[in-house]
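A.B. asks: Here's the letter readout for the chains.
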Amino acid sequence: MSSLYAPTNEDVKQRLRPFGIFFEKSLKDLIKGIRANNETPEKLNHFLAQALSECREEANSPDFNMKTNAVLKLTYLEMYGFDMSWANFHILEVMSSSKLQQKRVGYLAASQSFYKDPDILMLATNLMKKDLKYTGTDDVVKVGIALSGLSTIITPSLATDICDDLFTMLNSSRPYIRKKAITALFKVFLQFPEALRDNFDKFAARLEDDDTSVVSAAVSVICELSKKNPQPFIQLSPLLYEILVTIANNWIIIRLLKLFTNLSKVESKLRPRLLPKILELMDSTTATSVLYESINCIVKGNMLEEDDYDVAMQCLDRLNTFCDSSDPNLRYISCVLFYKIGKINTAFISQFDKLVMRLLNDVDVSIRSKAIELIEGIVDEDNLQKIVLVLLKQFVDQDVVLLQIGGFETTREIPIFIPEQYKIKMVNTVIHICSMDNFANITDFEWYNAVLWDLAILSQDLSDKFLGYRIGEQLRNIMIKVPSMREITITTIIKVLYNEDINNHLPSILKDCFWSLGEFSSFIGNGDDLINLVSKRRKYYPADVEVILIPSLLKIFSNWCNSSVGVDAEKIKFVLLNLLSYLEPLCYSKAFEVQERAVQCMEFLKLASEAMEQDAEGLPLLLTDIMPSFFNSYELKPISQGTQQKLQSCILVDCETPFLSEKELQAVLTQEEHDDDDEGLFSEDLLLIDDSSSTSSQNHDVNVHDNLKAANDETNLLDNEELELRKRAERESNPFYLSQNNDHTSKASNQLLDFSRKAGEESEAHLIRLNKSDNGDEENTERKRKSKKKSRRRVHVLSDEVVVDNNSQSPTPSTQSLFTNAPSAKGKISLKIPTKLETFDFSKPMSSSPHDTGSSDIRHQSISGEQEELERLRKKFEAQQLEAHGTSDNGENNEETIVIKKKKSSKRKNKQTSGKKSKRKDNADENSKHLGETVI
Amino acid sequence: MILASRQGKIRLVKWYTPYTPKEKTKISKELPPMILSRKPKMCNIVEYSDHKVVYRRYASLYFVCGITPEADNELLTLEIIHRYVETMDTYFGNVCELDIIFNFGKAYAILDEMLMCDGSITESSKKDILSHVHSMDNLESRDQIERIMS
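If you read the sequences in order, they're chains A and B.
Quick note: the first sequence, position 595, residue 594 per numbering that gives the first Met the number 0, numbers continuous.
Quick note: the second sequence, position 142, residue 141 per numbering that gives the first Met the number 0, numbers continuous.
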């Protein structure tokens, strides 16, 4: 016993035990003991451990009363987080007691601890069956207890065994039993859907029961079941409708509305009948929860059509009054519903901007964060700046005054802690509303620049590092899409770059900043200072930033060297050295990509500096011609998100087929022998440059090629062809070139087309390449067409400034797609920690439910047929199917693992290719920069 | 669904979906501070991992109830909590925290009578619940008398 409280009473208790008096006491002792030992956690833990060990002893005692007592105490302790599954067997013993009091304790304990313990559940099954035998009036309660207990510990086998008993109970004369049986059947159906199929009508008949609580239970069960699978219950809808019309009980009405929500999701025919009734209900009811559920039903049950303004307004008006109420719960839920209605059609909520603004300043942060979700529905050109100001204010306030904001509702100030999550959400929302529809709402990009700068400052302290990328992305997008603003934007970018704090806390923003700087380095007059700044800082960024930074530096350097203002050779040398010293440590970077780029860059710059040494006056060709040609071949234009991926997805890299058959190879080799030395040298030269050419993009490659061609008069078409042949031979021997070659084809540049035609080698691989490039071209033109169409649409939508620059190639995702995109992201946030068990648990009924639908159909047919034998056969078949299901599931799993293994092995096989692949990726990546993908 | 009443400390817990002990302790550790930190002016609905949590305060006790966000009605949940408290109030006669602590078995019984296995309400009539609980109590006490007699 809990001796700490009353140790001296031990003897007395011993004597009293046969009279059952001890029972209450010892639990009370435990509780009192816990309370008495509450001062320090150690003391409490000590006490609890002691109590637990006492329970262990008592549970083993032969005295049933004592055992019961121990189990009860354990149940209590379980709430404190102690595992009691070791006592399951004792619980079972207590359950089997003939005394109701003990049985009750046993079932209580069982429902708390019997989850998924197959051994004990098997034993429990028999006990259950016995307890469910209804023998006399006194047994009502016993059966009731058993039924309640049953629902928590049901298993498929138990369900199969007892479902017949339960169905007989449905006809019991006692409403209490009927009700309990219905609720117990719910769990049975989940485990054993065949039961529902075979006894559907019996079950449905309970909807017409005389007793309201039975009807209520039946409605609830059907409602819950329809969540899993609404299909079989659609036939009940006339009956359910009847109940909805006649019944006055609000609890049941809400259940019914829920049920109809589920049903009308799958059966659109219900809408015309239900909608008027629900609207009527909305007018007549006084209960807010019914009103709320009605609107919920309309919205979630797909009853609100996109153009149904009347109904929408009716709902929204109600919600509007909810939002004005003083009850924060009402405000909150109506906010959520507002959002859902807005999802159906943004136009519905657009007029409620004042309301949303009010909600944004609500006392409750959770209401605010719901209101934030609404913003994108109400934002337009005129109120954008106002809204952003409101949001930014909440930032600044809380940043300055230690996370506090004055509440306003009453005169007194209520300090509000603004959680980081909310701040992150605010940043995301600001970015989203400003950039949506291709900056449709922004009239003043200077203002937006300032906002982005503010956001960059504010986001430093937030833990979500993704924000940096988003802000950087915005800067980049403006850079590309709004040429007239480039100078202003680039000053913002430089401002960001110069800010030490941002550099330290939010390096992710720099990725796109560096890219923009590199790409638009022609705007920068003193590129050398910029390079010196970066190299002097000697600060190294995360790999993904560094990857961008290296080529960007090169771009800046290239532009600066060749800017119209004559640059001093000495200065160039100095900057070159700076660059080299900055890059050197990066050559040993752990990130492959960084390392590679750094090495490429280094090699090229070394070459350049060597050339400078040799040629003191004037700049070497390498710097004046070759380097710019790396970067300036194409003008950048924005393309829509995913276009590139589409391009890439149609590229199939064939690593298996040899480029030349054995015979062809021989032919090439012999031909090669006839080549004169000059050409041989030349091609070697070329290869060398290929290697050193920093960015390895295929475009550059070709460009280098072209340049050299131009420089060297001797090279003519014939040479070219031979060169190509020779190169191919090289590739054959050196698999490293494979990828490059494939990349040529993949990127579908026209040059390449010419090239390969000239080469005229009709090998197999070649053909494929040609095809591919054709495909790519088609893609290209198609894309252009598409984007043209879209951009034409844009002209209508957009304000002047943006139109000018965007009629090039900036397709805008339509309003709706944006709006639907957003919630999915939000969903992700809320699903951050999905509990494993829950998904697991759900899968069971799910997998059984489709089964269920099919089977219920079968059942209907069979009713007309009335052939018992057939029915039995079907059942058998069903069971077989079930089994097959089980096994096939396993099979699938196996297959999956095999597939994975295969993949692995194939990877191993193609070890060589993996290196190439990444190289190719690199190329593609670089190339993408040239095509200028902007993610909208 | 979970329903727990607490005041920083847990007084009563009922799990309607199977969770592992680890998850259970995690949830019971995380939830109370979160709810206690909320001000009376704030709304009674909080988002917690993939659930919504609806809570209500009665004197020193918080009644907390986890619901699935898409399917359940928040207002109804508040009503259920209220009904539960009302029922206990009549059963114990002006219920207080101590009543629930010492008669947690009874509190469970009332809850069981009220809520179906997975937490959706079945019995909304206070009278019915009470009569069932009372009849059970009667039988129990009769058991007890019999035992003493024997």
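Derived by calculation from the structure, the hints in this document are not laboratory data.
Accuracy of the hints is not assured; some may be wrong.
What the hints assert, rightly or not - Cut-off 20 Å, straight-line C-alpha distance, at most; resulting in silico cross-link-like pairs (EDC-like, lysine to aspartate or glutamate):
| hint | chain 1 | residue 1 | chain 2 | residue 2 |
| --- | --- | --- | --- | --- |
| 1 | B | K21 | A | E445 |
| 2 | A | K227 | B | E96 |
| 3 | A | K31 | B | D71 |
| 4 | B | K13 | B | E78 |
| 5 | A | K392 | A | E375 |
| 6 | B | K105 | A | E77 |
| 7 | A | K227 | B | E78 |
| 8 | A | K385 | A | D307 |
| 9 | B | K23 | A | E77 |
| 10 | A | K226 | A | E266 |
| 11 | B | K25 | A | D82 |
| 12 | B | K23 | A | D82 |
| 13 | A | K264 | B | E78 |
| 14 | B | K13 | A | D82 |
Stated by the list, open to error - One-sided and incomplete, this derived list gives chain A residues near chain B with beta-carbon spacing under 7 Å:
| hint | residue |
| --- | --- |
| 15 | I30 |
| 16 | I253 |
| 17 | R485 |
All residues carry an ideal CB built from backbone N, CA and C; glycine is no exception.
A.B. asks: With reference to the structure, classify each hint as holding or not holding.
C.D. replies: Quick rundown of the hints versus the structure:
no., hint, in the structure
1, K21(B) / E445(A), "violated, 53 Å"
2, K227(A) / E96(B), "violated, 38 Å"
3, K31(A) / D71(B), "violated, 38 Å"
4, K13(B) / E78(B), "holds, 18 Å"
5, K392(A) / E375(A), "holds, 18 Å"
6, K105(B) / E77(A), "holds, 16 Å"
7, K227(A) / E78(B), "violated, 25 Å"
8, K385(A) / D307(A), "violated, 30 Å"
9, K23(B) / E77(A), "holds, 11 Å"
10, K226(A) / E266(A), "holds, 14 Å"
11, K25(B) / D82(A), "holds, 14 Å"
12, K23(B) / D82(A), "holds, 11 Å"
13, K264(A) / E78(B), "violated, 26 Å"
14, K13(B) / D82(A), "holds, 15 Å"
15, I30, "holds, 6 Å"
16, I253, "holds, 6 Å"
17, R485, "violated, 42 Å"
Of the numbered hints stated above, those contradicted by the structure are hints 1, 2, 3, 7, 8, 13, 17, listed in ascending order.
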